[in-house]
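Visitor: Each chain, letter by letter, is given below.
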Amino acid sequence: MTPPTSAAAPLEVTDETVEKPAASSTLKGAESRSPGRLAWTRFKRDRTGVISACIVIFFFVIAICAPLIASLYGKDPYTLYGQEQTGLLNEAGFPLKPNGGIDGDFWFGIEPALGRDVFTFLLYGIRTSLLIATATTVLVTIIGVVIGITAGYLGGRTDYLIGRVIDILLSFPSTLFFIAFMPVVYGLFVAPDDEIPTSLRATCLILVLTAFGWASIARLLRGQVLALREREFVEAAKVTGASPARIIFKELLPNLWTPILIQSTLALPAFVTAEAGLAFLGVGIIDPTPDWGVMIQRGAQFYTEDITFMIFPGVSMIIFVLAFNLLGDSVRDALDPKSKR
Amino acid sequence: MFRFLVRRVLGALVILLIISAVTFFLFYAIPRDPARMACGKVCDDQLLAQVRQNLGIADPMPVQYWHWLQGIFVGRDYTGVGHCDAPCLGYSFTNSEPVFGTIMDRFPTTLSLAFGAAFFFLIVGIGAGMVAAVKQGKALDKIASSFSLLGSSMQIYFVGYIAMFFLVQQAGILSQPSYTPFTENPGAWVSGLLLPWIVLSIIFTANYTRMTRSQLVEQLSEDYVRTARAKGLSRRSVFFRFAWRGAMGPIVTIFGIDMGTLIGGAIITESTFSLQGIGTLAVRAVTDSDLPMLLGVTVVAAAGIVFANIIVDAVYALIDPRIRLA
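Read top to bottom, the protein sequences are chains A and B.
Mapping the first sequence onto this note's numbering, position 319 (from 1) lands on 321, and the numbers just tick up by one.
Mapping the second sequence onto this note's numbering, position 311 (from 1) lands on 1452, and the numbers just tick up by one.
For the record, the hints were derived by calculation from the structure and aren't laboratory data.
Backbone N, C-alpha and C define an ideal beta-carbon position, used for all residues, glycine too.
Take these hints with a grain of salt, some might be off.
Stated by the list, open to error - Just a few of them, taken from the derived set where beta-carbon distance is under 7 Å, the chain B residues facing chain A:
id : residue
1  : A1304
2  : L1335
3  : F1448
Said to hold, decoys possible - SDA-like mimics (lysine to any residue), calculated; alpha carbons at most 20 Å apart, straight line:
id : chain 1 : residue 1 : chain 2 : residue 2
4  : B       : K1283     : A       : D48
5  : A       : K240      : A       : P261
6  : B       : K1276     : B       : R1376
7  : B       : K1283     : A       : L258
8  : B       : K1283     : A       : K240
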C-alpha cells in the first residue's frame, strides 16, 4: 500500500528519464519542461506542502513498521499489562500514576480497566485505519474513474442511467446506511451469531465504504470528460479512426490525472474519519482489534476519569487529517495553479 | 419557479421510493427472523404464525412493501391493533409504538440541534470569511484561515468529549447536553444544547470561512465592482449591495448539503452527547432489527436531505438573478 503522496512521484520519475534535469533549467527556460516536472518544482517550493507531506509519510511509515517498532519497544497491543502486573492500575481500574500512567515503561500510559499499552495500541490502530482507508481510496478512485469516464464518453442513455444512480447514492443518508447495512454484509458471509473474523470485518467495511464512495468522484470525472470530449484533439483522434479504448486511455486519461489525484488525496482523510466514526458507533472494527475509532470509543467510556487515554488517538488523528488536507491543497496548487480554493 | 418546484418534488419522490425499496429489500437479506425475536421464550408454531400476522410480515416481500406504501398515503389496518391513520409507517417490532409518532417525538431534538448549530456556524463562518476577504493577506486573514483549517480537521467524537470534559466537568461553565422542548423552557433549551452547537460549529464553520473568503476575493476583483467603485459608490455599499450576492451561491449549496446531513442523521453527534434524536433512534433500530423503525427513519432522513437540496436550489435562484431555473 503506497501513500498517495508517492502517486505524484511516477509523473516526476518518468519525466526525469525523458529529459536531463539540468540544475539551472529554471533560469534558461529554453528547454521544454513537462507539466509533471513543473508541478513538482512548484510543490517543492511550497513549504506547508512539503512539511505536511513529511507528516503524512511519517504516519504511513510508522503504520507499516508498527510490528518492528513494537518489538523494539518490547510490548504488544493485546497483552493486558495492567492486569498481569501489580502496581499499574488501582482497584477501580484506573492507572495509579498521574497522566494516565505515563512513564519510562509505558510511553503513552496504560489503558484503564483492561490495562493495555497505549503506545502499541495506537501504532497498530493507525495501521488498521490507514490500511482500510487506503484500500477504500484506491477502489473508490478506480471505480469512480471507470464509471465517470464511461458515462461521460458514451453519453446518451448510459450517461442518463449512471447519472440517476449517482443522484440516488448521493441522497442516501450515508452514516445511517453504513450502520444499517454492515450487519447485512456480514450476514452474507457469516451465519448469524457466529464470530466475525477481523479480516472479514475489514473487507466488509472496505466494500461498503466503496459502494457509497465512488459516486462523487464519478460525477466529477463525468463532467470533465464531457468538456474534453468536444475538444479538437479528441475529434482529430476520432477522425483518424482511433478506437474508443485508445481515445479513453491515450487522449482522455492523461488530461484527467490532475482531478483524479486531487480527489483521491482529499478522499483518503475522509475515509479515515468515516472508518473511525463507524468503529466509534460499534459497527466497524471492534475491540480487541486495535483501531483509531475503537480507541476513541474505549476512551469515551471513561473520559470523565481518565482523559489522557483519549487525547492520544484524538490528537494524532487531528494531526494526520490536518496534514493530509494541507497536502491535498498543496497538490492542487502544484498541479493546477489557476484553480482557486 | 412553479414548474421547477413541481419537477424537483416529483424527482425527490422517485428517489425516496427507490431508497425505501432498497432499505426494505436489503433488510430481508439479513438471515434472521424478527417474529422469532418478538415471540419470546415460550414460542410454538401457532404463536409464531400469530406474531407474524400481527407484525404484518406473513405476506411475501413485495406485498409487504406495497402495504407499507399504502400505509403512508391511506393508512392501513393491523390485525389486533386496529387502524393506523394516514401517514402510517407501521408499528415498531420491539415496543409496538407507532413509528411515525416516535419519529415525530424525536425529531424536535434533531431539528434543534441542526438549526441551532447552523445559526452559529453561518454567522461565525461567513463573518470570518468576510473579514478574511477584506483583510486579504493581513494577520486577521491568516488567523481566520488557519483556525478554519484546524476546525475542519476535527472530529465530533473527539472534540465533543474533550469539550464535555473541560467545559462541563472541570470548569463547569456549561451544563451536560440535554434536550428540553423550547416551548417548555427556552432557557433550558439553549443551555442544554449550547455545547453541542458550539462543537458542531467548530467543525462546520471551516467550510464557510474558506468558501466565503475565496468567493468574495473573486467577486471583488470582478469588473462590476470596479465600475461601481468608479461611479463613486463606497466600498461598503459595493460590498453589501452587490459583491456578497455573487459570492453566496456556492455557500448556499454547501449549506444545503450540511443541513441535509444534520437533519438526516447527526448520528455520531447524538451518540456523543447522548441526545435522543432520530440518529440514536436509528442506531437502536439497527441493533434491535426493528424494520419498520429503520425504514421510517431512513425515509425521513433521506427526505430531509432531498428537500433541503430543493429549497437550496430555489433560494440560490432568489439570491442570484443570473441563475434561471429550468
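Visitor: Can B/A1304 be said to touch chain A, with a Cβ gap under 7 Å?
Guide: At about 11 Å, which exceeds the 7 Å cut-off, the nearest Cβ of chain A leaves the hint on B/A1304 violated.
Visitor: Does the closest beta carbon of chain A sit nearer than 7 Å to the beta carbon of B/L1335?
Guide: Check failed: Cβ of B/L1335 comes no nearer than 19 Å to chain A, outside 7 Å.
Visitor: Is B/K1283 within 20 Å of A/L258, Cα to Cα?
Guide: At roughly 32 Å apart (the allowed maximum being 20 Å), A/L258 and B/K1283 break the hint.
Visitor: Within a Cα-Cα threshold of 20 Å, do B/K1276 and B/R1376 meet the stated pairing?
Guide: At roughly 13 Å apart (the allowed maximum being 20 Å), B/R1376 and B/K1276 satisfy the hint.
Visitor: Given a cut of 7 Å on the nearest C-beta pair, is the interface hint for B/F1448 held or broken against chain A?
Guide: 10 Å, violated
Visitor: Given the hinted pair A/K240 and A/P261, is their Cα-Cα distance within 20 Å?
Guide: 24 Å, violated
Visitor: Decide if the proposed pair is consistent with the structure: B/K1283 and A/K240, CA atoms, cutoff 20 Å inclusive.
Guide: Measuring from Cα to Cα gives roughly 49 Å; hence the hint is violated.
Visitor: So if I understand the rule, the pair passes when the alpha-carbon distance is 20 Å or less; does B/K1283 with A/D48 pass?
Guide: Holds, at roughly 16 Å.
Comparing the model with each numbered hint stated earlier shows that hints 1, 2, 3, 5, 7 and 8 do not hold.
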